[in-house]
Amino acid sequence: NAGVTQTPKFQVLKTGQSMTLQCAQDMNHEYMSWYRQDPGMGLRLIHYSVGAGITDQGEVPNGYNVSRSTTEDFPLRLLSAAPSQTSVYFCASSQQASGSGGIGPAYFGPGTRLTVT
Amino acid sequence: GESVGLHLPTLSVQEGDNSIINCAYSNSASDYFIWYKQESGKGPQFIIDIRSNMDKRQGQRVTVLLNKTVKHLSLQIAATQPGDSAVYFCAENNGGFKTIFGAGTRLFVKA
Numbered sequence: 022n023a024g025v026t027q028t029p030k031f032q033v034l035k036t037g038q039s040m041t042l043q044c045a046q047d048m049n050h051e052y053m054s055w056y057r058q059d060p061g062m063g064l065r066l067i068h069y070s071v072g073a074g075i076t077d078q079g080e081v082p083n084g085y086n087v088s089r090s091t092t093e094d095f096p097l098r099l100l101s102a103a104p105s106q107t108s109v110y111f112c113a114s115s116q117q118a119s120g121s122g123g124i125g126p127a128y129f130g131p132g133t134r135l136t137v138t
Numbered sequence: 006g007e008s009v010g011l012h013l014p015t016l017s018v019q020e021g022d023n024s025i026i027n028c029a030y031s032n033s034a035s036d037y038f039i040w041y042k043q044e045s046g047k048g049p050q051f052i053i054d055i056r057s058n059m060d061k062r063q064g065q066r067v068t069v070l071l072n073k074t075v076k077h078l079s080l081q082i083a084a085t086q087p088g089d090s091a092v093y094f095c096a097e098n099n100g101g102f103k104t105i106f107g108a109g110t111r112l113f114v115k116a
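As they're listed, the protein sequences go chains P and G.
Each residue of the first sequence is one higher than the last, beginning at 22 in the numbering used here.
Each residue of the second sequence is one higher than the last, beginning at 6 in the numbering used here.
If you're looking for bench data, these hints aren't it; they were derived computationally from the structure.
Note that the structure is a prediction, hence the values are computed from the model and not measured.
Do not take every clue at face value.
[Said to hold, decoys possible] Pairs of lysine to any residue residues, derived as SDA-like cross-links and limited to a Cα-Cα distance of at most 20 Å, are as follows:
1. G:Lys103 - P:Pro82
2. G:Lys103 - P:Ala118
3. G:Lys103 - P:Pro29
4. G:Lys47 - P:Pro29
The shape of chain P in the complex, shown without the other chains (with noise of 0.2 Å):
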């Protein structure tokens, strides 16, 4: 199993430009997210899907959005980069947890580097 792939790795753009974020998983998750990483701020959720269709927002969604049309793929779209976009981001899936509801512990890819100018 590859696991979470992300693609690219690397990305600058610059302000006012549109671009997607791609992940995919092997694993069968239900359960998708998309985080970005600022220095000392941890990772903010900004959207998740619990299954193909379904999609929600997270802490930070101002300014991405997300489509989830197979288990697989869950890409997050930059409508109109802003230099306050300048993050790392992650994709994570996850299990439904057994029992309790809820989701179990998620799998991160490597994430984007993203530099908007």
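Got chain P sorted already, so can you dock chain G onto it with the hints?
Just chain G, lined up with the frame of chain P:
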């Protein structure tokens, strides 16, 4: 590699000693807690988890302790090795689909 968390709390320990990393959580409704390890330039890696119906859980060289009364979580690493040097995050979940991460603690292991 990329450096994240430039102003994180830092714990420095001697190789072979035990490490204790602490975490205070904020939501009394949280019932699932997870510890992650993040090495430079990599994504966070799951270490161990614990549900609120337990006070202690042990893995290989790691133990997580949960004190719900004071909303405190700790990660103990036995016989710390240079390969344990990383940033450690605690995370909490209230049984839903939003997992909230703490800011992290950087662990330095001196050889």
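How the hints compare with the structure:
A distance of roughly 13 Å separates the Cα atoms of Lys103 (chain G) and Pro82 (chain P); the hinted pair therefore holds under the 20 Å criterion. For a cut-off of 20 Å, the pair hint linking Lys103 (chain G) to Ala118 (chain P) stands: about 13 Å separates their Cα positions. A hinted pair counts as satisfied when its Cα atoms are at most 20 Å apart, and Lys103 (chain G) with Pro29 (chain P) does not qualify at roughly 25 Å. With a C-alpha separation of about 14 Å, the suggested pair Lys47 (chain G) and Pro29 (chain P) falls inside the 20 Å cut-off, and the hint holds.
When each numbered hint is compared with the structure, a violation occurs for hint 3 only.
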